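S.K.: Residue numbers (the working numbering), protein chains in the order written: chain A, 1 to 347; chain B, 1001 to 1389.
What the hints contain is simulated information worked out from the structure, not anything from laboratory work. Keep in mind the model is a prediction, meaning the values are calculated, not measured. Please note that the accuracy of each hint is not assured.
[Claimed, not checked] Pairwise CB distance ranges, derived in the manner of DEER restraints:
id, chain 1, residue 1, chain 2, residue 2, range
1, A, ALA142, B, GLY1351, 56 to 64 Å
2, A, ASP115, B, GLY1232, 32 to 40 Å
3, A, LEU308, B, PRO1350, 39 to 47 Å
4, A, ASP70, B, PRO1125, 18 to 26 Å
5, A, ASP115, B, PRO1286, 43 to 51 Å
6, A, ALA62, B, ALA1382, 36 to 44 Å
7, A, GLN202, B, GLY1351, 19 to 27 Å
8, A, ALA78, B, PRO1286, 28 to 36 Å
9, B, GLN1338, A, ALA78, 26 to 34 Å
10, A, GLU26, B, ALA1283, 49 to 57 Å
11, B, ARG1122, A, ALA210, 25 to 33 Å
12, A, ALA142, B, GLY1232, 41 to 49 Å
[Claimed, not checked] Just some of the chain A residues that point at chain B, by a computed CB distance under 8 Å:
id, residue
13, ARG108
14, GLY200
15, GLN202
16, PHE204
[Stated by the list, open to error] Here are some, though not all, of the chain B residues that point toward chain A, as calculated from beta-carbon distances under 10 Å:
id, residue
17, ARG1139
18, LEU1140
19, GLY1242
20, ASP1245
21, GLU1313
22, LEU1318
23, ASP1320
24, GLU1321
25, GLY1323
26, CYS1325
27, LEU1352
28, SER1354
29, GLU1386
30, ALA1388
The beta carbon of each residue, even a glycine, is placed where N, CA and C say it ideally should be.
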Amino acid sequence: MKVLVAMSGGVDSSVAAARLLGAGHEVVGVTMKLWGGESDTGCCSVGDVDDARRVAQQLGVAHHVWNFGDDFEARVVAPYVDAHRRGATPNPCIECNRHLKFDRLLRRADALGFDAVATGHHARVVTRPDGTRRLARGADAAKDQSYVLYVLGQAELARTLLPVGDTTKAAVRAEADALGLRTADKPDSQDVCFITSTAGRQGFLGDRIALRPGRVVDSAGARVGRVEAVELVTIGQRRGLGLAGGGAPRYAVDVDVARATVRVGAADELLSDRVTIGQVVWADGPRPGRVDVQCSAHGAPRPAEVRLTDGEVEVRFAEPHRRVAVGQSVVLYEGDEVVGGGVALGC
Amino acid sequence: MAGYGCETCPVPDPTCYLDHAATTPLRPEARAAMLPWLGERFGNPSGAHRVARGARQAVDESRDAVAEVVGCRPGEVVFTSGGTEADNLAVAGSLAARPGGVLCSAVEHEAVLRAVTRAGGRTVPVDADGAVDLEALERLVGPDAALVSVMVANNEVGTVQPVAEVADVVRRRAPRAAVHADAVQAAAWLDLPDRLAGTHLVSLSSHKVGGPQGVGALVARRGMPLRAVAVGGGQERELRSGTHDVAGIVGFAAALRVVAATRAETAARVAAQRDRLGDALAAAIPGLVETGAPRDRRLPGTLHVCIPGVESEALLFLLDEAGLCASAASACASGAQQASHVLAAMGVAPGLASGALRLTLGWSTADADVDRAARVVPAAVARLREAAA
């Protein structure tokens, strides 16, 4: 096959490229330049492009850099900012996968005659007996990235290769080391690529929207603290609310951006047994019934039931647990396989 | 065989190289002139012994050659590490010696544009052809101006600028201001002494004229106030410290000598090739727009087109796969394509500019290259349009 490997400059995509080459595929590497601004943690600094290029050189494959900065700004960064403005909790990495890696890049790969696009994500694509495909958890439970890839539908899954999904991170590093790849010891990237460690989320958003200080009140409406930026408060947040110490822990249970007010309450006020989701993506058609649900990148899966009513998709958990913040992705699993997912609209 | 780069990478069957504006292949004459200086000859031209004197002579004779091509005195030539350093020295060095306002055209190379921006300068708009708007210049340049920079010809679209007219306006409106002309792209094609009338500073680059990379020159006419940007041993009349790249300078001069001796015939031959390619692409690609001034007011080697419904990066990928080396706008340090400030300044719609393709022919371009490009480009465009449909 002719495969385009999205090379971020990290160890996983380096080994992905090496494996595909070893398997006899025709391989071309590409690094997407997504973010033109400052970056210190992500995947599009010049240093990371250098690493990707040097690995490609070492493997003897052509390497290209494609500038998708316009789409990244329009489809990832701007919605991220807008979500915070509304007091929601967005996941920009998922939007990047949805719109950039598995849409724009995939379409370009198609146009250029590639049979598939490969990435270094820790997840697997499995084919079911009826020929449909599903995304499944990676072999390394601690590094599993299926959560951020739930946006892939059949069309995308059919053209996606995840060559390191069946391997633990430690084994990937060992393989990179054995191949002498310069990225073998490179630290994992963890954070949002356009948020720098120095300026942080607050610095980034502060340049784009007017962040407003907010009142922190208890359930009786009494003022008990303050926050610097109400747009940055997440449901369930415990620190940074300016609360006096002592007593039972209190959490942000309600954020009202319009009134610049954060309400705090006891842990049990955060509990909810349901969430409604939108922008729903199904791996192979709507699937109501019993599922396991994961609500954050490294959250534990919890048993739940999916109900489809009047065009709404509601997830009912077997037991109440901490409320899912609006904007977070809710991913539905059957065992290790993703059957669908969507973005939390509210409880 | 010892070598550098990727020896195992497949080199597509003979490369069709149409990216002369990025860099030219080294002319054999330049290579031959350099070889002794990469072998048995060596020496620091600033020394006092026979080895140094030999190197000094090579640099001095090279200086004569550059001066002759530009139409200046040898003592006015300052060798640099390339066009970018020459541009920076021109802008920062002249402002350091004589502070004041600075202006440049909106389509200058980043080396000038960024140096001017850093100095707090302003840009002068261009017309739809990419030529400096002289009326706007008239309005923008005031008596406080210390420097006006305009390129002799543009690196992206090839439009030749009215440098003499710019110099006239500056002389009238700001008699104390100097005029800097970036001749990096023009030097391979245009007879410089006439074009540079009224200029005080001229930038040149070796690798755009068939010489080696890493060497260039700034011509600073006598009386032009200029102050070094980097200080050190005081070479090049205290204007550019650092040990000379003797081999590079010798190769640069050798290339310029060939350019001067063959300019008219090369320009005529390449212009005919360029015209043939432009006609062929226009006939084969519906909607194609040839960018820049009419062909007779562009560099002979430049064919810049905008192709609706096609993304430059995707097109360049297919062309590369087919062995055709071309470019789009300017590439950033990572190699990613960036939106062209030149096309934006010319008022080219973003939707059209995103399908930019620059094919630049040069001294080594053969008719077969033109034939191949005329075949490969339309095929790639058709494929991309089909995929998008």
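S.K.: Against each hint, give a clear statement of whether it holds in the structure.
M.R.: Here is how each hint holds up against the structure:
| no. | hint | verdict |
| --- | --- | --- |
| 1 | A/ALA142 to B/GLY1351: 56 to 64 Å | 46 Å, violated |
| 2 | A/ASP115 to B/GLY1232: 32 to 40 Å | 56 Å, violated |
| 3 | A/LEU308 to B/PRO1350: 39 to 47 Å | 42 Å, holds |
| 4 | A/ASP70 to B/PRO1125: 18 to 26 Å | 24 Å, holds |
| 5 | A/ASP115 to B/PRO1286: 43 to 51 Å | 29 Å, violated |
| 6 | A/ALA62 to B/ALA1382: 36 to 44 Å | 23 Å, violated |
| 7 | A/GLN202 to B/GLY1351: 19 to 27 Å | 36 Å, violated |
| 8 | A/ALA78 to B/PRO1286: 28 to 36 Å | 34 Å, holds |
| 9 | B/GLN1338 to A/ALA78: 26 to 34 Å | 20 Å, violated |
| 10 | A/GLU26 to B/ALA1283: 49 to 57 Å | 34 Å, violated |
| 11 | B/ARG1122 to A/ALA210: 25 to 33 Å | 31 Å, holds |
| 12 | A/ALA142 to B/GLY1232: 41 to 49 Å | 54 Å, violated |
| 13 | ARG108 | 6 Å, holds |
| 14 | GLY200 | 25 Å, violated |
| 15 | GLN202 | 28 Å, violated |
| 16 | PHE204 | 21 Å, violated |
| 17 | ARG1139 | 33 Å, violated |
| 18 | LEU1140 | 29 Å, violated |
| 19 | GLY1242 | 26 Å, violated |
| 20 | ASP1245 | 26 Å, violated |
| 21 | GLU1313 | 5 Å, holds |
| 22 | LEU1318 | 6 Å, holds |
| 23 | ASP1320 | 8 Å, holds |
| 24 | GLU1321 | 8 Å, holds |
| 25 | GLY1323 | 12 Å, violated |
| 26 | CYS1325 | 13 Å, violated |
| 27 | LEU1352 | 15 Å, violated |
| 28 | SER1354 | 9 Å, holds |
| 29 | GLU1386 | 8 Å, holds |
| 30 | ALA1388 | 7 Å, holds |
Violated hints, listed in ascending order, are 1, 2, 5, 6, 7, 9, 10, 12, 14, 15, 16, 17, 18, 19, 20, 25, 26 and 27; each of the other numbered hints is respected by the structure.
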